[in-house]
Structures are given as structure tokens and as C-alpha cells.
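Colleague: Each chain, written out:
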Amino acid sequence: MGALLKGEWSNFGKDEYFRKFEAYSMQWPPEISLDTLSLTSAPFGGLIAVVRDRKKVVKIQGGSKPVLSIYNAAGVFVSSFVWDSGHIIQMGWSSGCDLLCVREDGQVLIYDMFSNFKHKFGMGKEAQDIKVVDAKIFCTTNRTGVAVLTTANTIFLVNNVKEVLKVRKLPEAPGGVNNSPSAWVVVCEDRSSKVLFAREKYIYCLSEGETHATLLPINLGDDSCLVKDLAVSFNFEMLAVLTNRGKLWMGSVDGTSCRRICDVRCSSPHHSQMMWCGNYAVVINWGQNLDVFGFDEEYISYPFDDSVFCVQEIDCIRVISNHSTDLIQKVPKVVQDIFVYSNSSPGSSLLSASYQFQKKSHLANEYLLLVKGNLFTAVMQCIDAAGHQFDVEAQRTLMKAAQSASPLTFNQLHTLTLQGLMELLMIRRHHFLALDLASFLKMPDSSKIQLHWACYKVQHSKEDVNKVAQEIKNKLGNTKNVSFREIADEAFACGKHDLAIKLIEYEPRADLQIPLLLKLKEHFLALNKAIESGNTDLVYAVLDHTGKKIGEADFQMAIRRYPLAQALYLKHCAHHNKDLLKDVFTQEDDHKSLAELSIKEGLDPRNSSTKDALLVAAHESYKRAKLDVNAQLCDEQLKLFKYQRNFEDKYRTAFTDNSSQKWPSLHETVKQLLKLGEIKLADRLRTEYKVPDRRYWWLRIQILGEQEDFAELEKFSKQKKNPIGFEPFVDICLKKEKKIEAKKYLPKVRDELKVQYYTKLGMLEEAAQIAYDRRDPDALKMLASLCDPILKEKVNLYIRTLGK
Amino acid sequence: MQVSLDEKLGALSQISQRKLLDILTKISGRKDLIIDSSLIKPLERIVGVSKLRAHGVDKIYKLEKGDIPFTNTQRVFFVNSDLITVKHVSDKINGEISQKNDGNSYHIILVGRKLQSVVNMLETEGTLGYVSLFVFQWELIKLDTKFLSMEFHSLYKSLFVDGDQSYLPVLARSIWTLCTILGRPLVTVVQGKHSQVIDKMLGKMFEELGTPNRSDSEVGCMFIVDRDVDYASSLLTGCTYSCLLDEVFGIKSGIVEIKDNKNDIPGGYFLSSADEVYSQIKGRHFSDVFPYLSTKTKELSQTKEKSQTMAIHEMKQFISKELSAVTNFKKKLAYHISACESIISHMGHRYEGLQNAEQNILESRSRRETLTYIEDCLSMNICDKYAVLRLMCLMSLTQDGLFPDELQRLKLQFFHMFGYQHLTVFHALEKSGLCVEQPALLSTEVKGVNLANKVVQAVPLPTRKSTFTNFAQKLKLFPPVGDNYELNNPTDLSYVFGRAYIPALCQIVNQICKKEITIEDLPKILPNCTVKNLGGDQQNFRTFLIYIVGGVTYAEISAFQLLEKLTGFQIVIASSSTINGNSIMKSFFQQ
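These protein sequences, in sequence, are chains A and B.
Numbering of the first sequence is given in this note's numbering, commencing with residue 789 and proceeding in unit increments.
Numbering of the second sequence is given in this note's numbering, commencing with residue 2 and proceeding in unit increments.
No lab work stands behind these hints: they were computed from the structure.
Ideal Cβ placement from N, Cα and C applies to all residues, glycine included.
Do not rely on the hints blindly, as some may be mistaken.
Chain B stretches covered by chain A per the calculated footprint, using a threshold of three residues with CB under 8 Å from any CB of chain A [as the list claims (entries may be wrong)]:
id, region
1, 64 to 75
2, 114 to 122
3, 158 to 172
4, 246 to 252
5, 418 to 429
Subject to a maximum C-alpha distance of 25 Å in a straight line, what follows is the list of computed DSS-like cross-link-like pairs (lysine-lysine) [as the list claims (entries may be wrong)]:
id, chain 1, residue 1, chain 2, residue 2
6, A, 1478, A, 1524
7, A, 1523, B, 260
8, A, 1569, B, 201
9, A, 1506, A, 1524
10, A, 1508, A, 1532
11, B, 386, A, 1523
12, B, 432, A, 1450
13, A, 1411, A, 1438
14, A, 808, A, 919
15, B, 333, B, 253
16, A, 1503, A, 1548
17, B, 322, A, 1366
18, B, 260, A, 1366
19, B, 88, A, 1569
20, A, 1459, B, 322
21, B, 299, B, 322
22, A, 1261, B, 317
23, B, 88, A, 1388
24, B, 20, B, 253
25, B, 299, A, 1359
Quick list of simulated restraints, FRET-style, between CB atoms [said to hold, decoys possible]:
id, chain 1, residue 1, chain 2, residue 2, range
26, B, 105, A, 1258, 51 to 61 Å
27, B, 434, A, 1416, 17 to 27 Å
28, A, 1525, B, 492, 43 to 53 Å
29, B, 210, A, 1259, 25 to 35 Å
30, A, 1553, B, 409, 44 to 54 Å
31, A, 1540, B, 194, 29 to 39 Å
32, B, 194, A, 1258, 25 to 35 Å
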């Protein structure tokens, strides 16, 4: 079994192996031939951009403008577009699967994998003026940069195409402007980048931020050679140098340590590519032949039938040919450990145990005994190895071995890197696959994938708006954490307003809905949402925004349909802008409210000088509102003002009050007059305003009592048609503690109140007598509780008599 | 150990306290605390001064117009989150900064919500850069056994007068917190337009902030109702001791201040069940309070007499153990006695007439007598303007509005008495539906219509009943007339209104307890009412939670407390604040 898996392994040095296997058989369309085309492929098994190679002679088909086509890693057509904007110097892929095309004038155009133009940026004025001759596009896991070489041999560099903050000019290499490099590469560091620049036998390091180039201390062992090519490993740690004399130097990127210098047997005059395989071997592509060099004398050669194109990956190289894509890599240690015969690693034993177990052999137990102490290591080894296998059958075998020990899943090991995988899947629009994978691996945020899908859907769908919105809703409706606002935002960004409106409808949180709706100028939809949410703050926000946008007048008309909004708006106006409030009421023909407003303004002490005018306005408004009674009331108040002012002039005492939010009432005025003894005037007012008799009498009694004019009081009590009775007379006298005066009125008190009033005056005995006469036992009981013992006896006697 | 329902409710104050102290901790160092005067009482309920001191509060000032002395460089304003108050604070800060800016730092604790309009205002005033803003909202404040209140006394006005729902999220949040403590109720009855909004918000909160475990819910049924479902209960004058205390002095945050010309007692008095005198009399009919107090006074004097004839060892025992308790008791007794006296001097002269008028209005009889009474109130200064309006509103409520000429007459006299500017008050009352004109039966364009209308008014139609009467009869809110009813030993809930009326909500719960109606019947009985059942068995409900949006009256509280006693059910009462007829009327004056 082990032998089967080791089939395509070749020895690489003593204990190591290289393997080459086919990952895809290519689905290229028939017209594709690598001989005539130039390929650019993204790392991580990514996309391939194909364009006609100008250097290769070919019979021109169709128009003269080149067509740029994008294929996936298996050669399946994805998209294409006609390139019609100048000469492409270089193409490359970003880590986010965008295609970057560098033009002669230093413009970098960015397309997504579906040939949609995204945006462009320039490499600076200088680069534009003096023309670009070469460019490099370089990626780390989190950024993609561009470096261009100009005709003047200066290099400009952008560290991150996502945020082009600054185009950096690198220091110039010695040798003058006319001395072009024989090779150059970009080396990324944490946040910055530098360029290795080869001229003749020297390699210079050009770092951004430094003024001078530094020479790398590399000894090529041959003074008259020229550097022909440079290659940097995927992790930017290792450097390979190839000379025109076929010398290959391998070592660290700073040139300080050399791992190997060897001669390369040139199978053709020119190599087409040199690159690192992982950071342990250098591969030279001679067109139809790949040579692999390790650090310790190892060497393998892979011949191919026709020209191949290689792509440098993190731990292998991808070899693309007209027929297939192959992977070449060193066999990973774990895989090797398990499969190599007579190896006694725990994983290997576990694998054997598993084989034997499937065969139902007792040997299984013995292999397991070997593993026992290292069970965990064994399981990990098997799982790890499975991850490195591309053959499903082999993976299954390994997983089975792992499972026979414990249920450990692959994702626990790889979640971190799987996140990255998800991102790539999303960018490549394999949403469904990503979603499946995520749910299979129980990854936490599948919502992100769905969101991405939805945004894509929004951008590209040309279907009916309702249909699209419905589809998105159906797919995502039940998912938590998917923000419909973000999707709607995307729709808005694409200019699809109708769709955005539909989508934002699904957003459950009003505070998220509203900003977008306002951006969409859907003011009233926003208002509705705000009102529904019950959050008045939101309503205010919308009102504020909308009022400014569409003009107060139209706005006031429009919000009539929204009672809550209108209420809030009016409240707002009442606080901040009375004139606006007036506008609204006028527009509404709400004369009643206008009248009210005028009255309220009139009450404001600041408006005391204009209060008459305001009241006239109120009067007019009431008239228009057909509230004649109220209009009349305004007139009465106006007349009262006049009286009050007249009286003030006449008597030199205050009848009006300008300091508080109060207008002195008719009664206060009458009272004032009575106090002044102006009975006639008071009478006149009383008649004019139809003051009820009871009220007027009561007032007079109070004032006379206050003034302790008991003679006048008595005279008054003898006036005819007393509408109020004599109780108030008693009360006022009692209040002034004049019992004798009070007694005068007692006989005239109504019979049913007599007991009460006699009691008030402390005439308990009389009270008891009256109660007895009125046969009122309740009153007697009440009296009994107030009496002294002697009287109490009498009262009790009355009670008993009545009880009979 | 079983924790009682009431003890669980105690957790609310701890939550409030924690929230506030956490904010104070964030403002490190010693600081002055400047408090909005309306917040002093609620604050007293939430946290004691010693706790504030322990969290760096040095001096405490009241927010006033004048200058506030500096004691510390850190100033913390504790104010309501409304534009006017915050503007005041902002002006103060600007003033202080322009005078001397020697590194003072300013903090504003906004009570309620951080409204965008407030922040905008601070920005325009240029204060925003100088202050750090905090938002604080207390949870429901426990004012008495199973009685909780948010103490938002302005809520009624903003909801029912201005139609401003800004504070509803805060109320919804308060219910949510309550549910985290007691569990989510199995059945929720929602009535009224504001309550419906609250319920919607509450649902969202359960979704977003979490849903309490259903299996251990303490509450069988929760009612969220709008105040306007039963205006009668808030317009009538309650007859229990607590009702009258509130009526005469106004109880705020369970603290009463007796203000009276004769016996002014400075400082607030905490009303709580811990006060053994108050807990005995709070729910009693007022006629029964004085006898109780005098019995207690007699007992006290007996103890005193006894102490005079004590042997020495008895005396020692008495002084060390009982004396302080007795002194304490005496103090409380004295307080409540003077409160009673004060109530009598305020209300005594008009109490009987008022009761009589209210009863007539409720039963729609003796209309002329009632109108005369109201006119007398106006012409002879029997009561203040609020009490007059209350009667008018009650009349409008029970008879589907006042007749146009009646209303006109009353209004005119009201204006003569208190000024024409109150036209606007009647507008507002009309808008809210509290005091309306009965639509004329015949349109005014017909000749001789006035006479015809008068005739129609004068002829009573025995079959026609007002909406209110129908509602009251359906729920049996008028108690059956019976003899031998003792107000000092009430057996039905109507005693809180002198046997005239049973508060509707209390009656509904009463009928549910007695299984006379089911919860499912409620949408048919109450307007705009929905019932949500999470699948509880109504047979097992022992606990009700009543949340009244817009305010609860002390009469209702007394009635619910009697109901608990009569049925053995547990009833938790919660509301945005306490309220009475006067405060409702006042809301229409503050425009």
C-alpha cells in the first residue's frame, strides 16, 4: 500500500523525496498554445491571465487589439476583455484576485477577475514622463505592491495598491542612468519593500527611505561574469542568482550566507524562468525542461513534452502546460515519515494498524501497542499527512487511521488558514462552496460569505429589482448577523436605488435603515420607518435632514400625512422657531391653533406692549376658524385691558401685571375696584360681563369683611334678592373672629345648616335644641362628642327620646 | 431559602445604584455634584449620601439660577435630559469658563436618554468639547411593598398632551429589567396606543438583549395599559389616607412634605411600610384614620402612665428596651396626626359637597345640582382651578361631553375668574378628549334650532347610555347598593372612592381572579387591547404585574392592596409615576 502512494516520488538527496503529480488536466480552449501566449498566474492555485505575447511571432487573428482572457487554474474560461489602452508593460495578480496591468505611462489599471474595471492609479509624474520599461507586482499575504522601472533606470514603488498613499522613489544604483539592470526583484519586508538590482556582477540593495544603494556581499566566484537572473523565495527570505556563465548562487536574501554555489548545465541557451520551490530548492525552467537544485548537491530534472509555464507557490511550484497543471514539491516530512517503508514513526504504525484492522487481522493490535504512548502524535501525523495529500483515496486512508484512535477533525488544526481560504473562495464567487465548507467545518461566521454573495448579486444582477431583492431575502432572511443595510449600501454604491430601497426594507433596525434612506432621498419612507420605530430621536433626525433638503414649505405640506412627525415638528418649532410654527398653521388653515399661538405670545411678558395687537390677531383667527364664541372672548379680554389701563391711570394702582405670564382676570379687577370703594364702576363691569350674582355678592362680602366694615356688611345683607344666603356672612365674621357680628346673621341661616352654624359659633346648647327639633339623631351624635359632660347628658337624653 | 417576591424587587434599587456609582467611579477624584431639583427625591431613593461620598462626591448643590460655589475642580451635573435644562447647564458652564478657566473639568450625567437634539445643542453652544457626557437611567424605584414607579412626573404631559413618545424606550427598558428579575410573564395584556408601542420595543429587547428563562417566571400575567383606559379613577377624589396625602400635598418618590400655614413641617417624610403607623393607615378610608390614631395615642399614654408606677427594675428594662421605640412611635404618630389635621383644614369644608357631586356625576343624575355646585366652586373660591376642571372633565367623560351651552357658561365663568388666557387650556383638554362638547343633535343652520336642542337635552332618553356608563356596567364598576357597609372594614374595592366606583383595572384583575372573566375576553371589553399568550396555564396564575403608562393613582394602589388581601393573589404595581387628578390638570396648563 505504501508503495502505491510513493509511486511518483523521486529521490532528492539521501533521505528526501520530490514528487510531481497532476492537479488538473487543463480545459484550455483549442486556440490556446503556450508557445504564443504570455501567462500570468495568481498564487494559491489561482487564476491565469492570458494575453498574446508580443515577443512571440504569431499570425494575427481578428482585430489588432489584444484580448486579455482570464482562466481559472484548471483552464476554464472565466472572462475576457479587449485591451485598448496602450502598451502593457506587466500584468500581475493581487492577493485579492484583482488583475493589475501596468502601462507604459505608469498607470496601473485594476480589473476584477470578471474583467470589470475597478479603478486605476498612477506611479507618479516622473514615471509618466520618462516612461516605464519594466514592472514587478509583488504580493504578501496582506498586501500587493507595484514597482516600476523607468527608462532612466529609476525605480518607483507603491507598497499597497489598496491604499496608494505615496509613490516612493528608490535610491539610484551606481552606474548612471544609462546602465540598465540585468535583473531586478522586489523583496518585501514587514511594511516596506526594497529592490535588489543587478548590474554586471554586482547586486545592489535599494531600500526606500535610504539615499544610497548598498552592495550585497555576494561572491559569485567569477569576476567576469554577469548576473543574468534573480529569484526570491515566496517568503522573501532566500535569494537565487544565476549568471551568464551558468553559475547558480543560493543563499539568504541579504547575501550574507551562501548555501550553495554550483554550475548549471544549460540545456538551452536561455532559461525562461527561475524561481524558488518553497525555500529549500531552486527551479530553472528551460522551456521544456525543469531542473531542481537543492542546497546539498541534490538535483532532479523533469522533462516535459512541450513548453511549460511555472508559478511559484509557498511550498511548491505549479507547472502549467497545454495539457495539464502539475505540482512539484518536496514530499512533506510527515507524509514521508508515514509512508516510507520500515519507518517506525508513530503515525506510520498507526496507519499500519488501521490497514490490519480493516483486514481484520490480529496484527492491528500489535501495531497499536507500538503507538500506544504516542497516540496523540500518531493521530496528528496522520491528519497532517492527509492534508498534504491530493488524492482523495489517500486522504481517506489516512483519516481512517486517525479516526481509529480518536475523533479529531481537520478543521481544528487549520481553522486559521481556512479563514483565508474562505476569503479567496468568496472572491472567486464560489459562495456556495464556501458556505458548504463553512457549515461543514462549523465555522462561526457564515454570514460573511452570505453577505459577500448578496453584495455580488446586487452588483451584477440585471434582473427585475423585486426578484433580486426577494431572492436575497429568501436566501438570507433567516440568517442572523447578516446586515441588510450593508447589502443595501452596496446597491446604493452601484447606483441601483430601487434595489437599495427594496433591500433596506428587510433591515430590521430602523436606526440602520434611516441613514441610507436619507441618502437615497427617500425622506418620507425614512420618516415612516422612524415613526414606526417609536424612536423620536430618529424622527427628529429625519425631520432635521428633510426640512433642510426639500425646503420648509414643501416639507410642511408633506408631513401632514404623519401625525406623530407633525406633532414632533410642531413641538420643535414651538421651542425654536415660532415663525415656522405660524407658517405651518397658516398652511394648514388651522386658525384655531394660530389663535392659540397669538394668545400664548401675548402672555409672554416680553410682548406686553403688543399684547393687544396679538389678541386682535387671535380674534381674527378665531373668526376664520368659525369659533365666534372664542372671538368674542378675545374682544372681552381686549376691553378688559382697556378698562384696566383706564383704571390704572385714574387710581394710580396696578391693575395690570406685565411681569408674569398672567393677565389679571375680570374678578381681580372687580375686586380691586371694590377695595377702592368704587362700587358703581364694579357694578358696571359686573353688568357688562354678566358676572353671576352669587359671585358678585360673595366678592362684596369678602371685601367688606376684609375691610372690617361690618356696618356696611350689615347694610349689604339687607339688600333685596340675596342670591347667596347668609352663611357667607357668618363665615366671614367668624374668619375675622367677630362672633357678635356673626350672630346677627344666624337666624337667617338656612334651616338645614343651622345646627352646623350654631356649632361653629360654639353655641352647642342651641344647636342641640335645633337638632332635636329637626329630629336629627346624626347631628345629635356628632354634638355629643363635642359637649362637656353636663350638656352631653342632655344631648343623650334627646337621642334616646328620638330613638323611641 | 425562598426569596419573597418583594425582596426580589429590592434588586432593582441595587441595579440603579450600581449603574450610577459606576459612572461616578469613572469620574475619578473628588467632585461637586450639582443636581436638578426634580431629581433630588428619586436620587434619595436610589443612593444614600454616604455611598455618594464613598465615590468621591464632596459637596452637593441644587441646580439653581445663581452662581454655584466651587469646592472642587471637577463638577458633575446630574440633570434631566431635556433641552431647557441642559441649555441652562451649558450656559452655566460657558459662564464659568469665561470667568476663570483654571482647569475645571465638567461632566454631565443625563438622566433618561442621550437625545441627539441635546448633543447638537451642546455643540452649537460650544460646550460639547468641555464636557464628558454620561447617560443614566434608574430602574423602577420601589416605593412600597410591591409598588414600583419610574417617577417620571412629566411623562403624562409629554405622552397625552404633547403626543411625544420620546420616553417610551426608557419605559420598555424598565419592563425588560423587571422581567429579567421576575421572569418573562406567561401572558401579556397590552392596551392602548402607547402601550402597544412599548410592547413592540419590549419584544425587540427580548430579542436583542436576551429573554429571561421562562420556566421560573414569577409573573403569570402582565398588563401594560395606558392611563387613558380609566380616566375616572384619576379624576375622582380618593378617600384613603394615602390618596388624600397625595391630593393635598403631593407625594413625590414616596416622600411627602407638609406645607401648611399653621403647622408647616419642614423636610420630607419618607412614607414606607417600615413606618408601622403609616402601613396601618395608608389604605384606610380617611374616616377610619383618626379613630385609629386616637386609639394608638391612648395606648401610648397608658404606657406612659404605667411607666410612672414602675418599680426600679422595671423602669430600667423600660428605658433600655422600650423607650426609644416608644419615642419613635410617638414621633410618627404625631406626624400623621398633624398630617390629618392639615388634610381636614384643606379639604374638610368641601369634602362632602365634592363627594356628593362626584357621585352624582358618576351616576349621571341631578345634572343641574352638579352644575350649580361647579359654578359655586368658581364663584365662592371653594376650590382651586384644577379641582373645578377635574369635575368638568369627569362630567364630560361620563356623559359623552357637556352640552354646548353648559360648557360655554362654565368656561366663561372660569375665564372671568382666572383669566381669558386659559382658552388654550380648554383647547388642549378638548384635543385630548378630556373635556369636550357634546355634538349638537341638530345642525345650527336650521331655524329655531337652539330651542329644539334645548328641548332635546331636557327630555331624558331612558334607553340611551353614555359610553362610560356602558363600560362601567359591563365591568360592574358601580358596586351594588347595600346596607351595613362599613368603610372601616371594606369588603369591596369601591371603598377607595367612598363606595361610588371601583377602579377599572382593579376590577378586571378582581374578575379574573374570581374567574368571572378570562384574559381572552379582554380584547372584547377594552379598546385597543391585545393578549399574547406564551402558553401558560391560567389556572395556576398567582401573580399579576400591572404596568400603567402615564401614572397610577394612590386610590388604585389601595384598591390593589385590598384585592391582594381579599384574594390571596400577589399583585405588583408598576407605573411611570404616581398621578392624581390635580397633576393631570396641571399638565394642561404647562404649555
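Colleague: Sort out which numbered hints this structure fails and list those numbers smallest first.
Modeller: Of the numbered hints, 1, 4, 6, 8, 13, 14, 17, 18, 19, 20, 22, 25, 31 do not hold.
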